[in-house]
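Protein sequences, first through last, are from chains A and B.
137 is the number of the first residue of the first sequence in the working numbering; add one for each residue after it.
137 is the number of the first residue of the second sequence in the working numbering; add one for each residue after it.
Treat the hints as calculated values from the structure; they're not laboratory data.
A portion of the hints provided could be inaccurate.
The list makes no distinction among identical chains, and a pair is therefore deemed to hold if it is satisfied within one copy or across any two copies.
Straight-line alpha carbon distances no greater than 30 Å define the calculated DSSO-like cross-link-like pairs of lysine-lysine that follow [claimed, not checked]:
#	residue 1	residue 2
1	272	323
2	195	272
3	268	323
4	195	268
Number of protein chains: 2
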Amino acid sequence: MDIMIVGAGNMARGIATRMLAGGHPVHIADIDIQAAQRLAAELDGDATGQLFEGPEDAKIVILAVPYPANVNIATEYRDALAGRIVVDVANPVDYATLDVLVTRDGNSSAEEVANAAPSARVVKAFNTTFAKTLVKEEPLDVFIAGNDASACETVADLARDGDMRPLMVGHLNHARHLEGFQMLNMKMQEQIGGQFSTRLTLDQG
Amino acid sequence: MDIMIVGAGNMARGIATRMLAGGHPVHIADIDIQAAQRLAAELDGDATGQLFEGPEDAKIVILAVPYPANVNIATEYRDALAGRIVVDVANPVDYATLDVLVTRDGNSSAEEVANAAPSARVVKAFNTTFAKTLVKEEPLDVFIAGNDASACETVADLARDGDMRPLMVGHLNHARHLEGFQMLNMKMQEQIGGQFSTRLTLDQG
């Protein structure tokens, strides 16, 4: 088992869709085994569903759960996650207002995950790609931040295999800028006429 | 005189180009009067160049100068700027590395301008639109942050008149997210094959 996606919600579905499109088998792991198995059955490709009880032998663990569940998992499985690539996709936003980040002052979700599991190779990615755009298999930019260059490259390869453009933004502390801007992106959906379906892209005009 | 653009560099040129395209006369004001007059002469439309000695009777003052010159101007002309719409376009970035924001911890350039001139109606805008994309008159998203809704609307109207799409991101404290993400945008230019010429956009796929 190489890739475990923790969570069985919309983001898990979206990311799994791209991993499978790239030819990578995925294990969907959730505390609700039935939700995990149902999602796995609905996906097109080599996907299995299981109860989440830790990373098992996954080399890459994608935390497709909301903040602070991601941090709680990192805390609980701190030792088991050591040496693994742990991908944080969360947006630590007050969803009632879309106006306030709910991390501790100045910190990002990704840094909190890294602090909770300091031997994990934490990478921030997929937080600006809405689930709806992932499942539609549109071209997307995937912004990647992390302190472990090789872990970032692995995540970039997965993005590329799934027909996305990986863009390296630098060290994990820049996750705060990705998370901050994404909150604005969410907040602007109504103005744009989007329904959490816009793509944040850098294009050449 | 309604619109004064302070500065005679690339951003002044880019913003003036859009204001003029929208039918709005501009006054280019710089501490180098010759640079201001030269730029005004090169622009297509009703532009004049002058020495910068304060906002005079401008209702809208666009600070198209780098950080911290914008803050210094706000400090020096604190009283004269009271009641005016002051647009901050700066990116307070360490240009040697494109990796560090150089504002005081957690603060944005726009908030520093507002702190320096607390009776000015400060609006953050145009910090994610590279000068090259402004002068080319490509469609652009202009992200607008500010605490004075009417001032934000005025800036939005100017953006719209110049064929851009204004998007309101909320209060001025969100300028930090616009500035943070734009630093990443700058840093990614090489990867994208851009030369400070990409457009940061939200599209519908």
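Each hint, compared with the structure:
When the C-alpha separation of residue 272 and residue 323 is checked against a cutoff of 30 Å, the pair qualifies both within a copy, at 22 Å, and between copies, at 29 Å. Taking the shortest alpha-carbon separations for residue 195 and residue 272, only the intra-copy value of 27 Å comes in at or below 30 Å, while the best inter-copy value is 47 Å. In this homomeric assembly, residue 268 and residue 323 come within 30 Å of each other (Cα to Cα) both inside a single copy, at 16 Å, and across copies, at 28 Å. Taking the shortest alpha-carbon separations for residue 195 and residue 268, only the intra-copy value of 26 Å comes in at or below 30 Å, while the best inter-copy value is 43 Å.
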